[in-house]
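Produce the entire structure from the sequences given, and follow the hints as far as they go.
Going down the list, the sequences are from chains A and B.
Residues 1 to 264 (the numbering used here) are what the first sequence spells out, left to right.
Residues 1 to 270 (the numbering used here) are what the second sequence spells out, left to right.
It should be emphasised that the hints constitute simulated quantities derived from the structure, not laboratory data.
Glycine residues also receive a C-beta, built at the ideal position from the N, C-alpha and C atoms.
Watch out, some of these pointers could steer you wrong.
Said to hold, decoys possible - Among chain B residues calculated to face chain A with C-beta under 7 Å, some are: (1) R171; (2) A178; (3) G269.
Stated by the list, open to error - To spell it out: a stretch of chain B is covered by chain A in this simulated footprint if at least three of its residues, at any positions, have a beta carbon under 8 Å from a beta carbon of chain A; those stretches are: (4) 75-84; (5) 179-186; (6) 218-226; (7) 238-248.
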Amino acid sequence: MGFLTKMNLVRLVLIALLVVCFGDRAQGQQFQVDRSTIESWIFQRQNGSEQAKKSLAAQIDLKIEAIKSIVQLSEQQVIQLRLAGEGDIKRFYDAVLEVYRKVDDMEMNQNAINEAYQLTTPLQQKLASGLFDDQSLMHKVLRGTLSTEQITALETSEKRRREQIIGTLVRGYLATVDQMIPMSVKQMEQLTEILRERTAKDKLTGEYGIYVVGYRLAKVPEDDLGEILQPVQLKALRQMGNQMEGIAGFLRQQGMIMDEIDAE
Amino acid sequence: MVFRSVYQRWLGAVALLVMVGGGACAQDEPIVEVEEVQVDVFERDIMIVDAVQNRNPEDRKKLLQQTLEPILKSELYFLFMVTDAPNSDRKVILEAAEKELRAMDDMLVDQNAVNGLGMAFGATTVIAQTSTGMSLKANPYTRIQESLQAVAAQHMGPEKAEKYNSELAKRIEFRREAMIGMVVHLLDQRLELSVEQRDQIKENLTEKWSGWKNMSVEGYLSNSNYIPVLPFPLIDTVLNRDQRTVWKNLNQYHFPMQINNDQFSMEWGF
Numbered sequence: 001m002g003f004l005t006k007m008n009l010v011r012l013v014l015i016a017l018l019v020v021c022f023g024d025r026a027q028g029q030q031f032q033v034d035r036s037t038i039e040s041w042i043f044q045r046q047n048g049s050e051q052a053k054k055s056l057a058a059q060i061d062l063k064i065e066a067i068k069s070i071v072q073l074s075e076q077q078v079i080q081l082r083l084a085g086e087g088d089i090k091r092f093y094d095a096v097l098e099v100y101r102k103v104d105d106m107e108m109n110q111n112a113i114n115e116a117y118q119l120t121t122p123l124q125q126k127l128a129s130g131l132f133d134d135q136s137l138m139h140k141v142l143r144g145t146l147s148t149e150q151i152t153a154l155e156t157s158e159k160r161r162r163e164q165i166i167g168t169l170v171r172g173y174l175a176t177v178d179q180m181i182p183m184s185v186k187q188m189e190q191l192t193e194i195l196r197e198r199t200a201k202d203k204l205t206g207e208y209g210i211y212v213v214g215y216r217l218a219k220v221p222e223d224d225l226g227e228i229l230q231p232v233q234l235k236a237l238r239q240m241g242n243q244m245e246g247i248a249g250f251l252r253q254q255g256m257i258m259d260e261i262d263a264e
Numbered sequence: 001m002v003f004r005s006v007y008q009r010w011l012g013a014v015a016l017l018v019m020v021g022g023g024a025c026a027q028d029e030p031i032v033e034v035e036e037v038q039v040d041v042f043e044r045d046i047m048i049v050d051a052v053q054n055r056n057p058e059d060r061k062k063l064l065q066q067t068l069e070p071i072l073k074s075e076l077y078f079l080f081m082v083t084d085a086p087n088s089d090r091k092v093i094l095e096a097a098e099k100e101l102r103a104m105d106d107m108l109v110d111q112n113a114v115n116g117l118g119m120a121f122g123a124t125t126v127i128a129q130t131s132t133g134m135s136l137k138a139n140p141y142t143r144i145q146e147s148l149q150a151v152a153a154q155h156m157g158p159e160k161a162e163k164y165n166s167e168l169a170k171r172i173e174f175r176r177e178a179m180i181g182m183v184v185h186l187l188d189q190r191l192e193l194s195v196e197q198r199d200q201i202k203e204n205l206t207e208k209w210s211g212w213k214n215m216s217v218e219g220y221l222s223n224s225n226y227i228p229v230l231p232f233p234l235i236d237t238v239l240n241r242d243q244r245t246v247w248k249n250l251n252q253y254h255f256p257m258q259i260n261n262d263q264f265s266m267e268w269g270f
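Quick look at the structure:
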């Protein structure tokens, strides 16, 4: 069963559960989804809104320290970056409040519960992929306040870090595939090279990065794989890869995969 | 594996929804109805779990064999591939491997220990969980590989046995590097490590940490508050003050490996 199929399945379960819970009220009373329910949907992996806020604030300090380990920052630059990071957090929590308001205004019924859940999904995904990404205020302020030399140093470091991440995720993914479809290390090293190339332009940050690797492996042309794997391994890999098809739409929606490679 | 994590994640999501929904309707709605919905969706799995818990030891043993057989067959394929074993030898090796498989029920964790106080007091460590509802106290992949090493030594001659041992050792080393790399990546995502810190932590873990052997990364990738159980000094001494504050608030937890081979009925040619 594919990723999206399961996602839809769980959404159906969600609706079913809520209907079971609130079903009797529907007959004589009203459905209810309060703010605490919305909060639990958005912050389910962060132990609640307050804990998430603390973690995000701590992340600002960590990011600034990480930048300082690469380039020297003036006190003014640190202040600007911190303010920008806080702006990102505020922007996120404003969006949370907006969802609260929209849900408050909804007349609750089965469809509205589904709609309310849909409203929380982008916020859950934003938390999962990281608040301080290329689109963040912090990133923009960083680019605006640094000198050309500082930007060059930072970009060199980011490039190295990105290469490390790609290598780590590719090898991590292949090590898990190896448990189902055992491969020689020579085969895994050859696949690593192909996947490094094919994921070079993808966004691999956040918790979905490893799925991008899985998707890319599933899309490697048969001829290329045939030069590395035995026919039986190839068949098994294709069988496994079929299950990754469903995830493509989700990864594309998240801006994590670049379609040009598929079009080659 | 990664796919299993998707499955596991959604099971977790259902559990969460059961909690949320259960809380929401706690006053006047019997929770049992919520559980019925869960059974509708994961009917097979829930029924299997129920069946396993009520099964006699002999049935559990058979179910374990069925569950582990796909792993055994895939590893056998690798053994045949790297040793170029002739068809005439394969039948004997297959029989010997199946005999080994029948003796693997000692990995089973007593279900009473899982359900009862044994787990709470750490008397039983669950290394792996199967989709058929069983808990294992050993890594089944490692166990199968070790069994096949013995089978190869007994039935294939020293040269071919050594070939398998050598290729397997390389795979294990690949896995070790990959898992330690993933741990550093998980820490990096949460702590914004510098290049030097990443290198130092990797070096520390490579030298002094064996937890990678039974590690399953999927649970951590989808639960940002959790990291694997790591020796404190190997990490703490490398971090700066701000990182240490975050590190101390992370939950260290061992997610058991998920064994769910029935998702793929792969053909290995024997």
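At a Cβ distance under 8 Å, does chain A reach at least three residues of the region 75-84 of chain B?
holds (count 5)
Assertion that chain A covers the region 238-248 of chain B - criterion: three or more residues, beta-carbon distance below 8 Å
holds (count 5)
Closer than 8 Å, Cβ to Cβ, for at least three residues: run that test on the region 218-226 of chain B against chain A and report holds or violated.
That given contact holds, which follows from 6 residues of the region 218-226 of chain B lying within Cβ reach (below 8 Å) of chain A.
Let me know if the C-beta of B/R171 comes in closer than 7 Å to any C-beta of chain A, holds or violated.
holds, 6 Å
Double-check B/G269 for me: the hint is only fine if its C-beta lies closer than 7 Å to a C-beta in chain A.
holds, 5 Å
Report holds or violated for chain A covering the region 179-186 of chain B, Cβ cut-off 8 Å, minimum 3 residues.
Satisfied; 5 residues make the cut.
Can B/A178 be said to touch chain A, with a Cβ gap under 7 Å?
holds, 4 Å
Violation of the numbered hints given earlier is absent; every hint is satisfied by the structure.
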